[in-house]
Amino acid sequence: MGEIRKLKSSRGSDPPRESTPRRLAAIVAGDIAGYSRLMQIDEEGTHLRVKRIERDLIEPSIVGHHGRLVKTTGDGFIAIFDSPVEAVRCGIVIQQNMVGRNASMPKHHWIEYRIGVNLGDVIVEADDVFGDGVNIATRLEGIADPGQVYISGGIYEQIKHKLVCGYESLGDRKVKNITDPVRVYRVLPDPAAFNRTRKRRENILIFLLSLMLLAIAGGALWYLVWQPHGKARDQVSIPVSPEMRKVPSSPPPVSLKQAAPLPQPLSPAAPAAPQAPPQAQPASPAAPAPQMASVIREPEMNTIHGGGFTMGSNDDVAEKPPHQVSVKPFAISRYPISVREWNQCAAAKACAFVAAGKDDAPVTNVSWSDAKQFVAWLAGATRKPYRLPSEAEWEYAARAGTQTKYWWGDQFQPGMANCKNCTDIAVADQPAVAGSSRPNPFGLYDMGGGVDQWVEDCWHKNYQGAPANGSAWIEGECASHVIRSGSWKNDAQYVRPSNRDSYDTNVRYPTHGFRVALSP
Amino acid sequence: MKITRLIALSAVLICLTSAAHAQGKPAPKDALLYFVWPQNGATIKGGFWCRFGLRNMGVTHAGDDFQNTGHHHLLIDVSEALDPNEPIPQDKSHLHFGSGQTETRIELAPGKHTLQLVLGDAKHYPFSPPIVSDKISVRIK
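Residue numbers (our numbering), protein chains in the order written: chain A, 1 to 520; chain B, 521 to 661.
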C-alpha cells in the first residue's frame, strides 16, 4: 500500500508518535498535462505563465474554498480540504478559469491541468502530506484527461447529493501500486452536458476552433477600425506625466495648501489641448529624475481629532449592529486621490498604469491592490506613514461628528453630494473634479458620492465581531475589501456615511478610487 | 487613410453582419448563460449557493481581454433594462464576480426575488448582443 512517502515519514519521526497529525481530508492533486512539452517550446514563458496561474488562480481558489495549499511542484500542486464538496468545487473553478485563460492561445500553448480528488486518512505535516490517500489522488490526476476533474468513489459518495453536477462513472480502475481497484468518476460541471459530451466532443472542438478563428479575424479587423480612436485617447493621456515634469525648476511649493477647487470644467470637448490653466500649475513641482523623490506633491491632509462614535446603522443588514467605536487622532486626505497625484506614482514606475482624465479629477479604475501600491510608494517616497484609512476612520471622518442619516441631517438635500440624479454635473464630466460638492464639517470633500473609496478592511458581511478601537478589521478571508462612499452612478441611499459595500480585491472598476490616511 | 478605414469598415460589416455595435465585444451566437442552481420557481429556506453556468464561452478575470471570455454578474431584483453602452453597474443589486467566480453564497430577505445573470467583458461592458440568462424567480421562506 504505502510507498516511499509513508516510509519517509515514519523514518524521521520517532518522538511525536502519540501526536501523529493524522486526519481525514479531501486531497486535491493537480498537474499540467504535457508540461515538459510546453517547457521545450518556451521554457521561460511557460514557467512565468505557470507561476502566474499559481499566484492568481490556484492559490486564491484554494483559500477561497477553505483549503490549504500543501505544496507546489514544478508543474503541479497538492492541496487539502476539510470538505469534499469544497475540494471538488475548487477543482471545477480552476478548470473553468483555465478555459478562459487558454482561449487566446494557440492550442499547442495551452496550459491544461489534470485534477484528481480523493478522500483519505492522511498524515499532515507543515509542508507535505503523506499516505496512500495522497497517492490515489495523484494517480487519479494521472489518468484524468486534460481539463478534467476525476474523483474517487469516496468523494463521490460524499458529494453526489450536494453538488449539482454531472458525474460520469468510469468504473473500477486498477491504479499503479495500489492493491484495491479504485472507483473513478469524471465530474461534468454542467449536468446537462452529461449526455452530449461524448457524441459531440469532436464536433465541439472543430466548432470552437473555427469560432476562435472567426473571432480573432473579426477582432483584428475591429481593432483596425477602432485604432484611430484609441490613439487619439492615448495621446490625451500620455502628456499627463511629462507635462508635470516640464515645470521642474518653477517656484518652490509655496501654495501647497491652496485648495484651488471649483475649477469648472469648461471644455470637456477639447481636453487634448494641454491648457495651462492659471491656477494649479505652479504648485506641481515634480522635478526630473534625481530630485524626484524630494519634491513629491503630497495630498492635502486634514487632521482629525480622535473620539468615540456609533458606527453602523439599522438601515441595511450590512451596517448592523450599530456599535461604539473609538478612533485615535489621524489625518485623512481632503479629496480622493487625483489623477495628478496618481500619475506621480505611475511616473516613478511604482503604480501599474498611467491614469487618463483631467489632472484634478479623482483617479478611478483602481483595484484595492492598486491603491495599496500607491500608498506604499507615497509612504516610501515621503518617509511618512501614509496608508489607507480603516473603515472605522472613514466613517468617523464621513460622519464628522453627526449621528444623522446624512452629515447634514436625516433628509437628503440636492447639491450636497455627487450622486445619481443628485447634481446637474454632465455625465461626460464625470468623475467630476475634486471639490465639486460641499465639504462636510471636518472640511472633507466627497465623503459620500463622487467616487467609491477603498479602505484597508477586509469585507465582513456585518459588524458581528468588529474591533472597537478604530483599527482595520483584517481577519478572515480577504478575497474582497470594503468600499465606501458610493459613486456618481449610485443613488442617494449610497451617500449615507454608514453605507458599505464590497468588491473583489484585485479587480478594477471605473467608479472606484480611494483616499489616503496618515498616522500622526 | 480615410479610404482604408472605410474599406476596413465595410469588410467588417460584410464579414460580421451580426456583431456590429459601438461598445460591447462580439460574442459567439450560441453562447448560453444560465443558472445551474437554483431553478426557476424554486422555494428555498435561508441562504443558498447560487451557481452559474456558461456554455461555449470561457470564464476569466475582469481585466483579462481574451476572445470569447467574460465574467459573471448577478442581478438581484433589477427591473431596469440593461444599458449596452455603459459598464454593468456596481451596487447592492448588481453583484460582480470579477475574480472568475462561478458560484456565490447569497442571503436574501424572505419573499419573492428575481435573479438574472449578465456576462461582462474585460471592462465590465455587456457583450454585443448581450449574453444574459433567463430571469428566474425564487421564493425565500
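No lab work stands behind these hints: they were computed from the structure. Quick caveat, the model's predicted, so the values are computed rather than measured. One should not assume that every hint holds.
Each computed PhoX-like pair below joins lysine-lysine, with the alpha-carbon atoms no more than 25 angstroms apart [said to hold, decoys possible]:
id : chain 1 : residue 1 : chain 2 : residue 2
1  : B       : Lys632    : A       : Lys320
2  : A       : Lys320    : B       : Lys565
3  : A       : Lys162    : B       : Lys612
4  : A       : Lys372    : B       : Lys643
5  : A       : Lys320    : A       : Lys405
6  : A       : Lys420    : B       : Lys661
7  : B       : Lys612    : A       : Lys405
8  : A       : Lys461    : B       : Lys661
9  : A       : Lys162    : B       : Lys565
10 : A       : Lys320    : B       : Lys643
Hinted pair B:Lys612 and A:Lys405, Cα distance within 25 angstroms: The hint holds at about 18 angstroms.
With the threshold set at 25 angstroms, check whether the alpha-carbon distance from A:Lys320 to B:Lys643 stays at or below it. Violated. A:Lys320 to B:Lys643 sits at ~33 angstroms, over the 25 angstroms cutoff.
Agreement of A:Lys320 and A:Lys405 with the hint, judged by alpha carbon distance not exceeding 25 angstroms: 14 angstroms, holds
Against the 25 angstroms threshold, does the CA-CA distance of B:Lys632 and A:Lys320 hold or violate the hint? The hint holds at about 23 angstroms.
Just to be careful, I want the Cα atoms of A:Lys320 and B:Lys565 compared with a cutoff of 25 angstroms; is the pair within it? Holds - the C-alpha atoms of B:Lys565 and A:Lys320 are around 22 angstroms apart, at most 25 angstroms.
Would the hint linking A:Lys372 and B:Lys643 be met if the CA-CA limit is 25 angstroms? 21 angstroms, holds
CA of A:Lys420 to CA of B:Lys661, is that 25 angstroms or under? The hint is violated at about 34 angstroms.
Check the hint pairing A:Lys461 with B:Lys661 against an upper bound of 25 angstroms on the C-alpha distance. Given that 25 angstroms is the threshold and the Cα spacing comes to 21 angstroms, the pair holds.
For a C-alpha distance cap of 25 angstroms, please report whether A:Lys162 and B:Lys612 respect it. Between A:Lys162 and B:Lys612 the Cα gap is close to 28 angstroms, so the pair fails against 25 angstroms, i.e. violated.
Need the status of pair A:Lys162, B:Lys565: alpha-carbon distance at most 25 angstroms? 15 angstroms, holds
Hint compliance for this structure: hints 3, 6, 10 are broken, all remaining hints hold.
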